[in-house]
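*Asks:* Each chain, letter by letter, is given below.
2 protein chains.
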Amino acid sequence: MPARPRGLTDGQAALFPLQRPSPPPSERSMETPLSNAFLFDLDGTLVDSVYQHVLAWREALDHEGIALSVWRIHRKIGMSGGLFTHQLLREIDKDVGPDMAERLRVLHAEAYQRLVHSVVPLPGASDLLKTLSEQNIPWAIATSGRMETAGANLKALGVDPDIATVVTRDQVQHAKPDPDLFVEAARRLDVPIERSIVVGDSIWDMLAAARCRALGVGFLSGGYGQNELERAGALRVYEDPGDLLHHLDEVASRSN
Amino acid sequence: MPARPRGLTDGQAALFPLQRPSPPPSERSMETPLSNAFLFDLDGTLVDSVYQHVLAWREALDHEGIALSVWRIHRKIGMSGGLFTHQLLREIDKDVGPDMAERLRVLHAEAYQRLVHSVVPLPGASDLLKTLSEQNIPWAIATSGRMETAGANLKALGVDPDIATVVTRDQVQHAKPDPDLFVEAARRLDVPIERSIVVGDSIWDMLAAARCRALGVGFLSGGYGQNELERAGALRVYEDPGDLLHHLDEVASRSN
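So the sequences go chain by chain: A and B. When we follow numbering that gives the first Met the number 0, the leftmost residue of the first sequence carries the number 0, and every step to the right adds one. When we follow numbering that gives the first Met the number 0, the leftmost residue of the second sequence carries the number 0, and every step to the right adds one.
Just so you know, the hints here were simulated from the structure itself, not pulled from any lab data. Just so we're clear, the structure is a prediction, and the values are computed from it rather than from any experiment. Don't be surprised by glycine CBs; every beta carbon is placed ideally from N, CA and C. No false leads were slipped in.
Among the chain B residues that face chain A by a calculated CB cut under 8 Å, a handful are:
1) Y50
2) S68
3) V69
Could you build the full structure based on these sequences and the hints that come with them?
*Replies:* And the structure:
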């Protein structure tokens, strides 16, 4: 095994796990070294759907008589619907009961269904997933959406949830910024979460990555700025899936 | 006249023009000291209309068969329609002739008219303008929109363009990030541009402010992050008009 390159920080060394110093004999195993796994957020990361979600939430909130500036809604997208509602309403000092939370969830899903026809994959998304598969680098999708809204997005992306590894909000107890979705995705891929790279467009993805000791890689394609993503823990920030594909060697080790 | 407070940088001192050291005798005049003037952008700064503009541009571009990720459109909002089109299409290496530029402008205006019913003033916008008027601090609105799209926004805001000072795209040669709109607004208020404060939500407002030596104050209400605005020259960044009103003494000198 090659020595760890000189001058690498701990954070950088984590990008090159195969080049880490050998573990002490007691911790060595006979396993083949694993590659990193990629755990992708869906909305704003692989499909261009953030602005439709923003307007769908705006419509749902309006319907319940809750006036909120649109940028505040945008900044909360990527949380699960339940956390999203509670966090938003806490900002305006309004209490939301479980009945209203459920009504808002249903209203948002209905409004989003009317807009989903305009949702397309982000540039390079399909090529990126194809390239990872060809290089035997495991990948999964972990979304705070439920299958009722994620289904159409996966279809636009050409991903069959019966074949690919897809974890949705319905399948874990806590959603982002809790790390459960990514931890479950890594478990299904049989890759340690500490060797996984979480790729997302929102600061909630980056916070969740840090909380489970995965690495965070951010995309600008959800509308956040580079600095916001970096401050939330992103090690690298790319424009979109095509840009990550173009720079894949910066973060991925080939497994063979 | 009080001495300039110790420890102020040049940038900070510019916030307190009435506390600047006296000019040399040759430059002194008998004028009453002027207060600062506030020159406001409109969309995303006083009214919550950025996301409707984003989707209206998306619809216009789609209609012409131009596929662009929505975040790229969002990041260009606040430029004039003409510059916006050229800059966006340059990014995707596509040439746009004057015919297509004009078609896109019309398609955007039509799409925006269908969405404008959902546009409301941002929190505190009316109170802020009222407070400035009460304190005899001159203010104007300078927008890269034409009156055909700005009219409905001004109405939502309760501003009568026949009474207030409003400069639109139609009335100057170059739009943001050129500073013409703000320079013309200051001229109409009869306040030197160097004593004016440009308030906007986009980096184009901040760049235009720097180019004409006005001070830039940024709002988060258009969806840009604080760091992006600061890097484009914003001296202070507030959430929205209500937040600026709450902190008005940080940037405004009372005129009486």
